[in-house]
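Asker: Line order of the protein sequences matches chains A and B.
Just so you know, we're using my numbering here: the first sequence kicks off at 3 and counts up by one.
Just so you know, we're using my numbering here: the second sequence kicks off at 3 and counts up by one.
Hints are computed from structural coordinates only; laboratory data are not their basis.
These numbers come from a predicted model, not from an experiment.
Each hint should be verified, as a subset may be incorrect.
Identical copies look the same in the list; a pair holds intra-copy or inter-copy alike.
Heads up, simulated DSS-like pairs for lysine-lysine below, C-alpha to C-alpha not over 30 angstroms straight-line [unchecked claim]:
1. Lys-288 / Lys-159
2. Lys-159 / Lys-32
3. Lys-218 / Lys-140
4. Lys-140 / Lys-159
5. Lys-586 / Lys-159
6. Lys-147 / Lys-257
7. Lys-154 / Lys-257
8. Lys-154 / Lys-403
9. Lys-522 / Lys-140
10. Lys-342 / Lys-85
11. Lys-423 / Lys-305
12. Lys-349 / Lys-296
13. Lys-522 / Lys-127
14. Lys-19 / Lys-159
15. Lys-257 / Lys-586
16. Lys-296 / Lys-498
17. Lys-421 / Lys-296
18. Lys-296 / Lys-368
19. Lys-586 / Lys-332
20. Lys-127 / Lys-498
21. Lys-261 / Lys-154
22. Lys-257 / Lys-385
23. Lys-127 / Lys-509
24. Lys-32 / Lys-522
25. Lys-154 / Lys-385
26. Lys-403 / Lys-296
27. Lys-140 / Lys-455
28. Lys-385 / Lys-140
29. Lys-494 / Lys-342
Protein chains: 2
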Amino acid sequence: MYRTHTCGELRISDVNKQVTLAGWVQRSRKMGGMTFIDLRDRYGITQLVFNEEVNAALCEQANHLGREYVIQVTGTVNERFSKNSNLPTGDIEIIVSELNILNAALTPPFTIEDNTDGGDDIRMKYRYLDLRRTAVRKNLELRHKMTIEVRKYLDSKGFIEVETPLLIGSTPEGARDFVVPSRMNPGQFYALPQSPQTLKQLLMVSGFDRYFQIAKCFRDEDLRADRQPEFTQIDCEMSFVQQDDVLELFEGMAKYLFKELRGVELTEPFLRMSWADAMRYYGSDKPDLRFGMKFVELMDILKGYGFSVFDNAAYIGGICAEGAAHYTRKQLDALTEFVKRPQIGAKGMVYARVEADGNVKSSVDKFYTQEILQQMKEAFGAKPGDLILILSGGDAMKTRKQLCELRLEMGNQLGLRDKNKFALLWVVDFPMFEWSEEESRLMAMHHPFTHPKDEDIPLLDIDPAAVRADAYDMVCNGIEVGGGSIRIHDAKLQAKMFEILGFTPEKAEEQFGFLMNAFKYGAPPHGGLAYGLDRWVSIFAGLDSIRDCIAFPKNNSGRDVMLDAPGFLNQEQLDELNLVVDVKE
Amino acid sequence: MYRTHTCGELRISDVNKQVTLAGWVQRSRKMGGMTFIDLRDRYGITQLVFNEEVNAALCEQANHLGREYVIQVTGTVNERFSKNSNLPTGDIEIIVSELNILNAALTPPFTIEDNTDGGDDIRMKYRYLDLRRTAVRKNLELRHKMTIEVRKYLDSKGFIEVETPLLIGSTPEGARDFVVPSRMNPGQFYALPQSPQTLKQLLMVSGFDRYFQIAKCFRDEDLRADRQPEFTQIDCEMSFVQQDDVLELFEGMAKYLFKELRGVELTEPFLRMSWADAMRYYGSDKPDLRFGMKFVELMDILKGYGFSVFDNAAYIGGICAEGAAHYTRKQLDALTEFVKRPQIGAKGMVYARVEADGNVKSSVDKFYTQEILQQMKEAFGAKPGDLILILSGGDAMKTRKQLCELRLEMGNQLGLRDKNKFALLWVVDFPMFEWSEEESRLMAMHHPFTHPKDEDIPLLDIDPAAVRADAYDMVCNGIEVGGGSIRIHDAKLQAKMFEILGFTPEKAEEQFGFLMNAFKYGAPPHGGLAYGLDRWVSIFAGLDSIRDCIAFPKNNSGRDVMLDAPGFLNQEQLDELNLVVDVKE
């Protein structure tokens with residue numbers, strides 16, 4: 003028995019108890035003849051006291067303990083003279099009578115404190131030390147609690163968690179697969195799943211009715227910020243459901259989780275916004291609704307007055323930043339520079355302030371009468387003190403996306419994107435297809451198994467690009483936290499979909515034959531969705547990056563710098579796998 | 003809304019309700035002018051009734067429904083005339099007024115019944131149909147319930163589930179790794195974990211204190227029966243613990259699971275048997291204690307009477323099969339053939355019956371007096387009617403293993419291995435090392451991080467083969483369901499261990515440097531264990547094979563015959579990975 007109590011457990015009611023604790027030396031200080039040590043474990047911090055007058059040898063030993071030494075102490079719980087109300091254990095201390103060093107420690111390369119002096123790289127290399135910091139560990143405790151609650155909710159709704167295999171077949175449609183050479187099947191490879199999509203659909207064919215899995219998924223993509231080659235999905239599927247059934251059940255889950263994990267009661271039904279409206283009014287399929295600044299289209303009002311930028315535009319639209327008329331020229335210039343950055347790509351920005359007397363003063367006053375500007379003001383519902391920002395361009399969708407960036411930036415600048423406020427909505431009616439410039443063909447926006455809206459099925463033959471899908475995303479604070487669709491359960495409709503996506507029947511058979519065959523044996527109507535667990539947790543934890551809620555994340559080159567992986571194989575391993583490595587210079 | 007109720011839900015109290023159900027046609031039968039259809043979903047079976055006289059067209063439509071058609075019906079709940087007490091819904095039926103075919107079905111290649119006519123191969127190819135069978139689905143429901151209860155228990159004990167990465171580094175010690183080529187790190191490979199062993203130890207260094215994970219693990223081994231290339235572990239680790247702390251906590255979990263999942267109360271503390279005793283008395287490190295037949299050594303009694311087989315043996319030992327003296331000569335000859343099979347390898351078997359008068363009649367009577375045979379009888383505590391079976395050989399350990407096979411076979415023949423009886427124990431004090439003939443060196447019996455027993459540490463330098471470890475297995479009914487050890491937390495002791503295992507310091511650093519380095523920064527004493535989830539579930543479910551509790555298992559060639567995986571990559575995929583496939587003929 004290494005300990006009778008943890009370091010977070012003792013209270014004033016334990017005074018005079020003989021106890022044994024074990025943990026890490028967080029810090030020590032010497033005051034006169036006394037040495038105080040903060041002993042830390044996962045559960046908290048307890049103060050240890052060594053008195054030179056009482057036991058000089060023990061005190062001397064304590065003076066030589068370094069940071070992060072692992073020790074075991076026995077002593078008596080004592081009421082503190084000066085209490086620390088910031089610590090649950092702050093009323094007591096341990097008068098130590100025995101000290102046992104369980105393990106010495108080198109001085110850590112950065113401080114094990116919430117505000118550490120360690121940079122990203124060193125903390126990743128010594129991730130096992132970084133994880134000692136309470137701030138980091140709390141994220142993983144939250145992740146644990148979240149998966150417990152997700153399972154509790156879904157189990158209570160009759161969902162069965164089924165583990166699907168990780169060594170499956172490669173399906174080149176979609177993102178790039180990670181592959182695994184098979185030694186027993188020479189020359190052949192497994193693929194790691196990008197998601198359990200087809201397998202969960204097979205489980206519906208099997209009559210599992212309600213399936214879920216907290217599943218590891220893999221995508222070999224070039225990593226941008228906040229992407230990981232392996233990530234975790236809360237993957238769900240239901241049979242005999244229509245879109246509303248799915249949305250209601252998972253809206254319930256979101257509300258349950260917010261209540262259990264954050265104490266936040268979301269009482270209102272989530273807004274359901276069509277993809278078309280989301281793009282039109284927010285320039286994004288994942289609008290951040292913590293704040294307003296809904297887009298207002300200005301083509302009718304501002305076109306045709308000789309301002310060639312607007313006169314030649316396919317789209318003119320703006321946002322109204324409430325109370326931001328105080329923005330200086332310098333601030334406005336900076337905003338213009340912001341939208342002109344190559345990542346955003348706007349040509350320029352027009353602004354207008356609503357002055358105290360209601361007059362509108364704009365950067366393009368020479369083209370517009372006050373009467374026109376007042377019409378514009380009305381269109382925004384703008385008040386004195388408000389700032390109107392306008393973008394225009396030759397491609398409506400591109401300009402809307404630029405305006406979206408501007409809106410989000412203004413939200414940031416005006417402090418409207420509070421991490422402790424949560425705005426959830428469903429974006430629905432996504433387009434079935436999107437045009438791929440790269441491949442010069444229609445691609446499935448969601449995936450090839452997505453059901454088109456019944457009323458749009460006739461359009462599949464005449465105008466597939468106009469077809470909308472029974473697809474939906476759950477959005478929280480401008481982040482897509484989950485998404486899914488009703489699936490096609492009819493083999494003929496599925497075959498047509500593959501045809502539109504440019505699959506020959508042979509290629510469709512080769513890649514998805516097992517699914518299309520399964521559908522011939524009695525597939526129920528079904529649908530589902532998947533949540534990105536990493537992203538969900540990072541929202542609950544108020545984190546900017548998903549990396550901080552992953553125990554051992556990889557860097558942007560897909561490397562685990564702590565394990566120094568990936569690495570080279572030896573020749574024997576390669577030979578067994580019938581592989582030759584041929585790196586082109 | 004596809005249904006108002008499931009097919010397992012309606013009762014006599016629902017009579018006269020208007021309901022809508024959806025599901026699969028299990029079977030249909032025509033009786034006079036009535037058609038009866040059993041409609042099936044995951045939740046049960048409900049009888050549908052169509053009456054030709056009431057609605058001839060509808061009845062005609064029902065007569066054309068094939069097996070496994072997916073249909074939706076609306077109708078009225080009616081009390082059955084002849085009730086079926088085997089079904090929870092057996093008191094009612096639905097008088098159908100509307101029928102909607104949601105999906106037609108080809109005739110399945112085997113019957114969807116508990117006792118199906120489908121062979122193994124066809125059922126694996128059409129696994130999605132096999133999973134429709136209640137008997138198979140129940141196993142996966144049990145698996146789901148088991149993971150829910152495991153998490154509930156461990157969460158209540160303060161364990162945190164932490165997901166560790168699946169793309170890690172290759173560690174050639176131990177079994178063969180599955181590897182994953184990295185596109186972004188040309189020529190380099192990740193490995194899929196054989197277990198999260200080193201990562202969970204790092205989490206202990208991080209102060210996580212109590213960790214668990216239900217984790218996918220991978221081993222590229224030649225598959226014997228009941229092995230899968232990917233399998234699932236309940237993986238656990240604790241800090242500041244000694245062996246007893248671990249055993250107590252996980253004994254508690256086993257008892258909890260038996261109670262929750264099987265309604266079995268295991269009230270007694272589990273027996274703890276040393277590895278040496280397990281080998282000595284049962285010839286196995288996983289003895290099946292559902293029955294007796296403990297080995298009795300007979301060297302002192304039977305040696306030196308001119309029976310050269312025994313006189314030259316290094317080991318003579320036997321078992322006493324209670325009440326089996328009625329075994330015929332034919333049965334005994336069959337047992338002799340059984341132990342002489344090459345997989346077992348005994349040279350022969352000696353038997354002795356205890357007759358009604360207490361005399362012993364043996365197959366080697368010409369060498370032994372009745373007095374000697376009576377001594378032998380006493381050694382077994384044998385009674386009239388018992389059968390004694392004796393093996394001998396030149397290698398004690400090999401002979402004990404042969405005797406173990408004989409004991410298990412007798413257990414089977416005498417019906418002593420009841421699947422509804424559970425005998426659990428801990429086997430402890432495993433040897434630290436075992437000699438590898440293949441590699442001509444000592445190998446870690448458990449793994450290289452296992453802590454030797456404190457009292458045996460001095461033997462590391464002088465007789466490493468005699469060193470015992472703080473390692474333990476949980477055994478249930480002759481099956482190892484879990485195992486683990488106290489780990490080394492001292493970098494110096496770990497280095498010595500690698501030295502004994504034949505690692506150069508460079509090789510140890512290359513493969514496990516990250517762990518040994520971590521240990522320098524304050525590693526707590528720690529230990530843990532891992533359960534094989536697949537095996538655990540198969541015991542609870544009373545299955546002979548783990549395959550039946552895995553949704554989509556692979557065959558003995560590591561193939562998923564349903565998905566037809568693994569498969570060949572296209573040239574573009576290989577090029578991106580800098581790989582050339584070179585299969586030797």
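Asker: I want to check one pair: Lys-154 and Lys-257. Are their C-alpha atoms no more than 30 angstroms apart within a copy, between two copies, both, or neither?
Answerer: both (14 angstroms within a copy, 22 angstroms between copies)
Asker: Go through the copies and call it for Lys-421 and Lys-296: within, between, both or neither, with a Cα cutoff of 30 angstroms.
Answerer: within (20 angstroms within a copy, 66 angstroms between copies)
Asker: At 30 angstroms max between alpha carbons, let me know whether Lys-296 reaches Lys-368 within a copy, between copies, both or neither.
Answerer: Only inside one copy: Lys-296 and Lys-368 sit 27 angstroms apart there, 104 angstroms across copies, limit 30 angstroms.
Asker: Between copies, within a copy, both or neither: which fits Lys-342 and Lys-85 at Cα up to 30 angstroms?
Answerer: Classified as neither: same-chain Cα gap 56 angstroms, cross-chain 77 angstroms, threshold 30 angstroms.
Asker: Given identical chains, is Lys-423 near Lys-305, meaning Cα to Cα at most 30 angstroms, within a copy, between copies, both, or neither?
Answerer: neither (38 angstroms within a copy, 85 angstroms between copies)
Asker: Please work out whether the CA atoms of Lys-403 and Lys-296 approach to 30 angstroms or closer within one copy, between two copies, in both situations, or in neither?
Answerer: Classified as within; 13 angstroms inside a copy, 78 angstroms across copies.
Asker: Check Lys-257 against Lys-385 for me: Cα-Cα at most 30 angstroms, and say if that holds within a copy, between copies, both or neither.
Answerer: Close neither inside one copy (35 angstroms) nor across copies (69 angstroms); limit 30 angstroms.
Asker: Is the C-alpha distance from Lys-288 to Lys-159 at most 30 angstroms within one copy, between copies, in both cases, or in neither?
Answerer: within (28 angstroms within a copy, 40 angstroms between copies)
Asker: First find the shortest C-alpha distance between Lys-127 and Lys-498 inside one copy, then the shortest across copies, and answer within, between, both or neither for a cut-off of 30 angstroms.
Answerer: The answer is between: 25 angstroms across copies meets 30 angstroms, while 50 angstroms in one copy does not.
Asker: Within a copy, between copies, both or neither: where do Lys-261 and Lys-154 come within 30 angstroms Cα-Cα?
Answerer: For Lys-261 and Lys-154, the Cα distance is within 30 angstroms both inside one copy (14 angstroms) and across copies (20 angstroms).
Asker: How do Lys-522 and Lys-140 come out at 30 angstroms by Cα distance, when the copy is not named: within, between, both, or neither?
Answerer: between (49 angstroms within a copy, 24 angstroms between copies)
Asker: Can you tell me if Lys-349 and Lys-296 fall within 30 angstroms by alpha carbon in one copy, between copies, both or neither?
Answerer: Intra 21 angstroms, inter 88 angstroms, cutoff 30 angstroms: intra-copy only.
Hint compliance for this structure: hints 2, 5, 8, 10, 11, 15, 16, 19, 22, 25, 27, 28 and 29 are not met, and every other hint is.
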